[in-house]
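Undergrad: The primary structure of each chain is shown beneath.
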Amino acid sequence: MIDIKRLSFGYTAGHNVLNDIDVSLDGGHIHGLLGCNGIGKSTLLKIVCGLMRPTRGSVTVEGEDPARRSVGMLRRMMIIPEEFALPSVSLDRYARLTAPFYPSFSAEQMTYYCSELGVDLSAKLHNMSMGQRKKAYIAFAMAVNAPILLLDEPTNGLDIPSKSVFRRLLAGYADEGRCIVVSTHQVNDVDSLLDNIVILDREGVALNATTSEICRRISFGAVDPARAVYTERTVLGEAGVAANTSGEDSRLNLELLFNAVTADRRAVASLLENR
Amino acid sequence: MATINGFSSGRVLRLAVKHYTEHRSAYMLLYGMMIFVPLLFAMLARSASVAASMSMAVCLCGAFVVPFVTMKELRASDTKIMANTLPCSAAERMTFVALNTSIVYTLMETLCAGIAVAAAACVDSRGELMTDLSHLWHTYNGHWEIMILVWIVSSSNVVINTLARKRIVAAYVCAFVAVMLAIWGLERMAEAGMMIRIEWSERLDTIAKTIYCITPAGLYGISYLLLRRRQVKW
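Line by line, the protein sequences are chains A and B.
Its first residue numbered 1, the first sequence is counted upward by one per residue in our numbering.
Its first residue numbered 1001, the second sequence is counted upward by one per residue in our numbering.
Worth double-checking, as some hints may not be accurate.
Below, in silico cross-link-like pairs of lysine-lysine (BS3-like), each with a Cα-Cα straight-line distance of 30 Å or less [stated by the list, open to error]:
#1 Lys-1166(B) / Lys-163(A)
#2 Lys-1080(B) / Lys-124(A)
#3 Lys-1080(B) / Lys-5(A)
#4 Lys-1072(B) / Lys-1166(B)
#5 Lys-1166(B) / Lys-124(A)
#6 Lys-5(A) / Lys-1233(B)
#7 Lys-1209(B) / Lys-124(A)
If you want the footprint, here are the derived chain B segments under chain A, 3+ residues with CB under 8 Å [claimed, not checked]:
#8 1016-1026
#9 1033-1044
#10 1085-1098
#11 1159-1173
#12 1221-1233
Read the hints as simulated data drawn from the structure, not as lab findings.
Here a beta-carbon is modelled for each residue, glycine too, at the ideal position from N, C-alpha and C.
Starting from the given sequences, assemble the full structure and let the hints guide the process.
TA: What follows is the structure, given as structure tokens:
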């Protein structure tokens, strides 16, 4: 669905934020886009939805260049930015004003998502707290039924019960035809949802693997330090990342995996290559 | 609603409905001021001609405000992602911007100025206002050249709002400096005898008026080309 080939991007000449990104994001998956601060996750999402043009390389969304910004492509894509302002109208009015641009919008689903997330449809958007506003926009974005849903830090500002409702709704939203990309630092909020992990670093894509492959090849937690490719001290003692030799799938620890990839991407890649 | 070559007039209408609903307080404030500011000055001076001239001045100020309000959501950091990913083409967006900042604005300005001048009749101390009203109206508001002037100011502001990325004030300062430099340069050229003196003729007058009339269309055209590039870079 989303094909990114040798993409580089810099806001200023000679200083690239994204370098040589080569990744293909297929439909039917929830992709987790991870990376340190300032690595270009949000920038990559903006390039994918046609708000920026890559300095080098290419992006295609369902075979189309997003920078052409065709109405058909924009209808099939929805982005939830990390921070946004909404107009001083009620959520219901906002949906009625914006929904005509999206033929696949469903008012029934909007009502359902709002009731699940505890958002009042008649409440004025500018009177809402940041978390309420985010939930309101999540409900609207999901009711649009776009095949491509891009979420930038979706759980920022959500309270604990809302996070679990959000996870449940997003899991229900995902189907074979939909490509969902979640860019986040709050890995513990979404780790159970993701079925493909993409970790970005300064050199490009540091890791791109499905969670089932990661769990099959890598074990996390209390591992033998001699076999570990990465260890760190936690409140529960020493934890690390090592090859999974147990024959059973391990339990994914996204935080540990991210730290291991950030520390030594090649060592983690070698664990995934050992077949 | 017609759709020709992917351009949908229905989407232009939806953009208009969405925009006016979301920004109705800004427009109510603006058009309210276009009635009450001239009326206030007319009351102070006890003269309807003051209302007519003030409505013209407020109208020119509004020609700065309306393009800013129309394009704000495309430029502001907290709204630009959602506004620029709304499924409508740059041509549809610019059609709405052009209509809102030219025809709709001029109609609303004419209505507001009309209300202000008519209301000012009640406070005019000369008592012969009604005979002068039509003259006042044509001097300040009803003349086609003034309407085109408002469109030129509006369309120039649309160009500046499209060019500006984050700092709109800096863009206006740059535009002001550029205009001042251009005037200064022309004056220096005239002083140095580099300008060709052209005898004013009826034909030249027609050409000048034609250029004057097509200038807003040209500026909106430039804005459209800029918008197509800007939406992928804002």
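Undergrad: Take the hints in turn and mark each one as holding or not.
TA: Quick rundown of the hints versus the structure:
Proposed proximity of Lys-1166(B) and Lys-163(A) is contradicted: the alpha carbons are some 33 Å apart, above 30 Å. About 20 Å separates the Cα atoms of Lys-1080(B) and Lys-124(A), which keeps this hinted pair within 30 Å; it holds. About 26 Å separates the Cα atoms of Lys-1080(B) and Lys-5(A), which keeps this hinted pair within 30 Å; it holds. Restraint check for Lys-1072(B) and Lys-1166(B): the C-alpha separation of about 10 Å stays at or below 30 Å, so the hint holds.
Distance check on the hinted pair: Lys-1166(B) and Lys-124(A) sit about 28 Å apart at the alpha-carbon level, within 30 Å; holds. Proposed proximity of Lys-5(A) and Lys-1233(B) is supported: the alpha carbons are some 20 Å apart, at most 30 Å. Between Lys-1209(B) and Lys-124(A), the direct Cα distance comes to roughly 49 Å. Violation of the 30 Å bound is thereby established for this hinted pair. As drawn, the stretch 1016-1026 of chain B meets chain A at 6 residues by the rule of a beta-carbon pair under 8 Å; at three or more, the given contact holds.
By the rule of at least three residues with a Cβ nearer than 8 Å to a Cβ of chain A, the coverage given for the stretch 1033-1044 of chain B is violated, with 0 such residues. Chain A is given as covering the stretch 1085-1098 of chain B, and this holds because 6 residues of the stretch bring a CB closer than 8 Å to a CB of that chain, at least three being needed. Closer than 8 Å: that is the beta-carbon criterion, and the stretch 1159-1173 of chain B has 0 residues meeting it against chain A, so the requirement of 3 is violated. Check result for the stretch 1221-1233 of chain B against chain A: holds, 3 residues qualifying (beta carbon to beta carbon below 8 Å, three or more required).
Going down the numbered hints, you'll see the structure goes against 1, 7, 9, 11, while the others check out.
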